[in-house]
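> The residues making up each chain are set out below.
2 protein chains.
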Amino acid sequence: MAKYEDLVYQLKRQIKSGVWRAGDKLPSLRKQSEHSGLSLMTVLHAYQVLESQGYVVSQARSGYRVTPELKETETHRHIAVSLTEKVDINDFVFEVLQAGRNPYMVNFGFAYPDPSLYPRQQVNRSLMSAARNLPISSTFDNLPPGNEELRTILAKRYATKGVNISPEEIVITAGALEALNLSLQVCTKPGDWVVVESPTFYGALQSLERLGLKALSVRTDTIAGIDLDALEKALQSHDVKACWLMSNHQNPLGFTLTLEKKQSLNDLLNRYKVALIEDDVYGELYQEGYPVMPVKQFDQTGNVMLCSSFSKSLVSGFRIGWVAAGKRALEMQKLQLMSTLATSAPIQLALTDYLSKCNYETHLKQLRKKLHERKRQMECLLTKYLPAGVNITSQQGGYFIWVELPLGIDSVDVFHAAIKQNISIAPGKMFSVTEHYNHCMRLNASFALNDKTVQAIITLGQIISECMVVNASKNE
Amino acid sequence: MAKYEDLVYQLKRQIKSGVWRAGDKLPSLRKQSEHSGLSLMTVLHAYQVLESQGYVVSQARSGYRVTPELKETETHRHIAVSLTEKVDINDFVFEVLQAGRNPYMVNFGFAYPDPSLYPRQQVNRSLMSAARNLPISSTFDNLPPGNEELRTILAKRYATKGVNISPEEIVITAGALEALNLSLQVCTKPGDWVVVESPTFYGALQSLERLGLKALSVRTDTIAGIDLDALEKALQSHDVKACWLMSNHQNPLGFTLTLEKKQSLNDLLNRYKVALIEDDVYGELYQEGYPVMPVKQFDQTGNVMLCSSFSKSLVSGFRIGWVAAGKRALEMQKLQLMSTLATSAPIQLALTDYLSKCNYETHLKQLRKKLHERKRQMECLLTKYLPAGVNITSQQGGYFIWVELPLGIDSVDVFHAAIKQNISIAPGKMFSVTEHYNHCMRLNASFALNDKTVQAIITLGQIISECMVVNASKNE
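In the order they appear, the protein sequences are chains A and B. Here the UniProt record's numbering is used: position 395 in the first sequence is 395, and no number is missing along the way. Here the UniProt record's numbering is used: position 148 in the second sequence is 148, and no number is missing along the way.
Keep in mind that a hint or two might mislead.
Some chain B residues flagged as far from chain A (calculated, every beta-carbon gap over 10 Å) [unchecked claim]: (1) LYS3; (2) GLU5; (3) GLU51; (4) GLY54; (5) PRO68.
To give a feel for the contact side, a few chain B residues facing chain A, derived at Cβ under 7 Å [to be verified]: (6) GLY162; (7) VAL163; (8) GLY175; (9) PRO190; (10) SER344; (11) ILE347.
Calculated directly from the structure, the hints in this document are not laboratory data. Glycine residues also receive a C-beta, built at the ideal position from the N, C-alpha and C atoms.
With the sequences and hints as input, model every part of the structure.
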């Protein structure tokens, strides 16, 4: 191959793969020549060949550009996600999450609260302030366990609620998900048994799968939560190393454990020396006036790793969480140093700034009231528009509504039909390694109800009715 | 226990654990009463008991504060890290990293370049601009694979160097360390064999340990790099799934593989169907005028996962890296979604802003020149002040100098003696699962040489001389 042919080949490949898009200016002849080591004449020849084949256009005094006509056709690809024959939970969760990126979607499958409920301007102002004053030492100061002031503010917030957490047991993480993953790793090794709720947050199932851990799913009631007798039997029959659960506004069901049950759970796990990984990301989203507490409040031995973040209550997309890691705090820091090294310094400083200067408590009060109001409205609409035989559970706090369709209806079918109408839901299959919740779905009730969302609920009701008809005819 | 006693106990515990520090204002009686559910009188009684025991002081009209005298004594603890009998590599690496947080340290053990060489103002301005304009959709837009514009800019930078990488195979990560960890997980499962260099970046060893993978260390020459014959024998004798290495300015040795060797390496791994995880974090830090290329340039099958970041070349502490993941890009995104979910949105936007508006290339040119100059100066000083019998290797590009002490000297002894003088080094033990490099150390040559650093080099020379005397007397 002549030298110019090689360059022509490279550039075509780059244009096809989207490195250079329609209208982009290619590197100047001089620059291309410098980088490639080819002569100016060779580069010019290559560009002319590309021009003759319609890939680029030359413009007087402004060099070569990728042909604009290519714009809408082959250069702008999107990754298409398709469901494979064997639906594995990760592929499926990935599909649901990707669906949420479509801006026209009515996103009942979304995991976060409506971002318009966040104090965006205040948080951005804090980020600007952090950026403006970022000291040169910030990289060091914010290494694990994370920013000291931020950890102290978090500890004080817990203290005023009566939960004793030292700033020195807190490790700042890349969102609650990193906190949960580190917690899991710090008390298990591949092959170990871990108790999870059934149904549970899919992130727990994914983490277990990824880390080669074995899931022991314990029966979890829609209202009362995890069955402590079943849990104790599991602890007796298996060498369980950790229990991962949510005690407040559980995802996906929405229940909150009673105070007594939280204490019993803490005692039980202590008796069996099993670590508790408590996912409390919805802990702040109680119904205003009815505060809830984590199991951690009963922890006297440092056995509970309480994980949380700001993603569900203040700002999503910043990726800041934490774990109050008890006796495993130092181990946790070491583990973080080898996983992601540290959490972004300016982001830690931005949240420190916000929490020390702005009125987080006032925001939370408003957020809680708004979520409560919207959840009630959505509940009414669901009751009105979903067909008879569908069971709707909406509990105090949080923003999820759990919907049980008649047995035999697969909510994945509902999901696929709904997606075509630009409506997303979170099917029950995402939350279990069993098939027990295949007829269920989780709906996000945090969005404002307008004509579009009301219409979406009506459509969802029609889709479910159709699925019920198809199912009935199958069973005839 | 009476109700007030319980509150007294809680508050004492909180004061001792640093939640409330010397001088901090305790929650008002009203607020404390609200949160605890105790009556105002009970809270008042508890506060008075604390006052009588010297824990708090009351101040007219400003409530109760933690007694200022406690300041320097028991309330302000720091986590002390001590070396256990059995030195495991993680504990040791953690100790070295923690030592670097002391601001008085002359930090020859540091892994990053001198942060004063970074264009801090420009980067901070970009972060401010990102914060000011953060759209509500930013959480979605920056989910895995990460910001599209940022990925396109990265692909274009590679393209101008002749490396064909599509924006769609790039995944933005929390620093290169997450990129490397995800790469490792995407092509292995616990128990698999992975080839690493010996010596190698300690992060690789830590990751293998954490993920239950088995390390196959392949002989790596100080100048020529990995021994390809030894590598091929390893591939023949073991079912190796991945090879993790650096081809440019290797950490800790500093070598760069020749272009021919890079091609041979690529071919060899392809022949054996072994994934290459290429850590290229120092790739931009070549000696100005002598650019280097990653092995990825030869990758026709999408088998190479090229990992890099901005931490060594533009800004540390932001925690943004990426992987050009080839055929494993989609798998990588799914894995990231379950590990850390996503990379901080405003940070991605800040770097996109910097790269599209500022002159990164000009900064890099200056950085390379400065690093080259400082490395030469440090080399001269080391040659002058370290005792005879010490071998100093400083290669083209990068900012590390590799120092071999006479065999039998343990550089961990040097490390401990040096730390007492506020000088840090990176001992050879950090970089190997073998004992082969216990007499070696890596020095960071990126800092400006002033009286203090010159004195530190002189002191280091004295410490090494003393270790040599002790060692000689032991052997007599």
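> Run every hint past the structure and note whether it holds.
Each hint tested on the structure:
1. LYS3: 12 Å, holds
2. GLU5: 14 Å, holds
3. GLU51: 18 Å, holds
4. GLY54: Check passes; 20 Å lies beyond 10 Å.
5. PRO68: Fine: 17 Å to the nearest Cβ keeps B/PRO68 off the interface.
6. GLY162: 6 Å, holds
7. VAL163: Constraint on B/VAL163 not satisfied, violated at 10 Å.
8. GLY175: Interface hint status for B/GLY175: holds (5 Å vs cutoff 7 Å).
9. PRO190: 4 Å, holds
10. SER344: At 4 Å from the nearest chain A Cβ, B/SER344 passes the 7 Å test, so the hint holds.
11. ILE347: 5 Å, holds
Against the hints set out earlier in the document, a violation occurs for number 7 only.
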